[in-house]
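Engineer: So the chains spell out like this:
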Amino acid sequence: MTTATQTCPECDGALTIDDSVRMSEVLECPGCRSELEVVATAPLLLALAPEVEEDWGE
Amino acid sequence: MTLGKPSTAPRTALLASRIRFEEKRILEALERRGVPCTHIDTRTVRHHMEGPPPAWDLVLNREISATKALYAALTFEASGVTVVNSSAAIETCGDKWRTSLALHRAGIPTPRASLALTTEAAQQTAEEIGYPVVIKPLVGSWGRRVALLPDAEATRTVLEHCDAIPSPQAQIIYLQRYVDKPGRDIRVIVVGGVPIGAVYRMSDEWRTNVARGSRTEPCALTDDIAGLAVAAAAQTGAEIAGVDLAEDVDGALYVLEVNHGVEFKGFQEALEGRVDVAEEIADRLVTEVWK
Numbered sequence: 001m002t003t004a005t006q007t008c009p010e011c012d013g014a015l016t017i018d019d020s021v022r023m024s025e026v027l028e029c030p031g032c033r034s035e036l037e038v039v040a041t042a043p044l045l046l047a048l049a050p051e052v053e054e055d056w057g058e
Numbered sequence: 059m060t061l062g063k064p065s066t067a068p069r070t071a072l073l074a075s076r077i078r079f080e081e082k083r084i085l086e087a088l089e090r091r092g093v094p095c096t097h098i099d100t101r102t103v104r105h106h107m108e109g110p111p112p113a114w115d116l117v118l119n120r121e122i123s124a125t126k127a128l129y130a131a132l133t134f135e136a137s138g139v140t141v142v143n144s145s146a147a148i149e150t151c152g153d154k155w156r157t158s159l160a161l162h163r164a165g166i167p168t169p170r171a172s173l174a175l176t177t178e179a180a181q182q183t184a185e186e187i188g189y190p191v192v193i194k195p196l197v198g199s200w201g202r203r204v205a206l207l208p209d210a211e212a213t214r215t216v217l218e219h220c221d222a223i224p225s226p227q228a229q230i231i232y233l234q235r236y237v238d239k240p241g242r243d244i245r246v247i248v249v250g251g252v253p254i255g256a257v258y259r260m261s262d263e264w265r266t267n268v269a270r271g272s273r274t275e276p277c278a279l280t281d282d283i284a285g286l287a288v289a290a291a292a293q294t295g296a297e298i299a300g301v302d303l304a305e306d307v308d309g310a311l312y313v314l315e316v317n318h319g320v321e322f323k324g325f326q327e328a329l330e331g332r333v334d335v336a337e338e339i340a341d342r343l344v345t346e347v348w349k
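Going down the list, the protein sequences come from chains A and B. Using our numbering, you'd call the opening residue of the first sequence number 1 and step up by one each time. Using our numbering, you'd call the opening residue of the second sequence number 59 and step up by one each time.
In short, the hints are calculated from the structure, not lab data. Please note that the accuracy of each hint is not assured.
[Stated by the list, open to error] Here are the computed lysine to any residue pairs in the SDA-like style, where the Cα-Cα straight-line distance is at most 25 Å:
#1 B/Lys126 to A/Arg22
#2 B/Lys323 to A/Pro43
#3 B/Lys154 to B/Val216
#4 B/Lys194 to B/Asp238
[What the hints assert, rightly or not] Which bits of chain A does chain B cover? Going by a derived footprint, with three or more residues having C-beta under 8 Å, they are:
#5 6 to 18
#6 25 to 39
#7 52 to 58
Glycine included, C-beta positions come from ideal geometry on N, C-alpha and C.
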C-alpha cells in the first residue's frame, strides 16, 4: 500500500492518505478535526465536507 | 426478498453521498466477491418519469440523508429496481411514531409512546404520562433534539422552542415514557432476518447514541434479545436493520427504535474478530437477494 501526503484545506496541516481512498470518502484531519471529502482521486483533491444536516443519521 | 433469476449478472450499485467507514467496508467486501458495484453519488441523482430506467437491478441504499434516501428509493423502485432498504422500510423506520405504531401493532414490547398534534396538547399529554418523560423529534437521528423532561416547567420551555421551529412537523410532538436503563442500551444488527451480533452502548449521559460518544462493548446475543430484534426488523420491513433495545432496572427488554441506515463502526470495533458486518451484508446481497 502506498501513501500520499495532502494538505488540509482548512488548517494547512498534513494528512497521510493511502491508495485505498475513494471518491466521496470522508476523512478527518488529524490536526484540526475538520471533515474532508475526497472530490477527485487523480490527482487527489480534498475539500471541506458538507455540514451535517438535520435529517442525517441512521 | 427474492428476485427472479437474472439472465445476466445483476447490475448493482451503492447509493451514498458520503463514503464512510461503513460504505468503504461494504464496497471492499463486494469487490472480494468479484461483484461489480458502482457507487452512485446521491447528489448526482435525477430521473425523468418518461426517461430511460436506471441502469441497475439492485441498489444498496446507504444515503445518510433520510429524506434523500427515501426519495431515491421511491424513484428507483418505480422503475423496477430493488432497493435495500426499501422506501417502505425507510418510511417506517425514519419516523418515530410510525415505528412505535408498527411495533405496538405487532405486540413487540416498546416504551409507551404518545403523539400530540399541537404543543398545547403535548403539555397535557406529558402530564398524563408523568415525569420524567422523553421528547423526540419525529424525524432525526444521533440523539439530536432528544430531551428528558423532568417536570412541567421544563416541558413548557421545550415546547415553546418546538413552536418556534418553522416546520409544521416540529409542532407534532412525540413523547415517550422514560425507561430507567442502567447506563446502557443494546444495539443488534439484523441482516436478512438474521441477528449477526449485539453490543452494549454505554454512556455517562442518558442518551446512548454512539454519535454522542458512547462506548461499545460486546453483548451476549440471548434468545430474548435476538428474537425481539428480528421481530422488530421484520415489522418495519428493513432487510438491514440496527435495532436498539433497552433493558429496564427489572431486566425487562423494550425495543426503542429500528434504524434503516445502520452505522456500524462502533459495533464493528467491539466485535472485531467475531463478526464482520460488511461481509454479512455482502453475503446477503450475493447469496440471498440474487438467488
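Engineer: It remains to establish, for every hint, whether it holds in the given structure.
Structural biologist: To see whether the hints hold, each was checked on the structure:
For the proposed pair B/Lys126 and A/Arg22, the alpha carbon gap of about 21 Å is at most 25 Å, so the pair holds. This hinted pair does not check out: B/Lys323 and A/Pro43 have alpha carbons roughly 28 Å apart, beyond 25 Å. Restraint check: the Cα-Cα separation between B/Lys154 and B/Val216 comes to about 18 Å, which is no more than 25 Å; the hinted pair holds. Note on B/Lys194 and B/Asp238: the hinted pairing holds, with a Cα-Cα distance of about 17 Å set against a maximum of 25 Å.
A count of 0 residues in the region 6 to 18 of chain A with a Cβ less than 8 Å from any Cβ of chain B is obtained; the coverage claim is therefore unmet, three being the minimum. For the region 25 to 39 of chain A, the stated coverage by chain B holds: 4 residues have a C-beta nearer than 8 Å to a C-beta of that chain, and at least 3 were required. With 6 residues having a beta carbon nearer than 8 Å to a beta carbon of chain B, the region 52 to 58 of chain A meets the requirement of three or more and the stated coverage holds.
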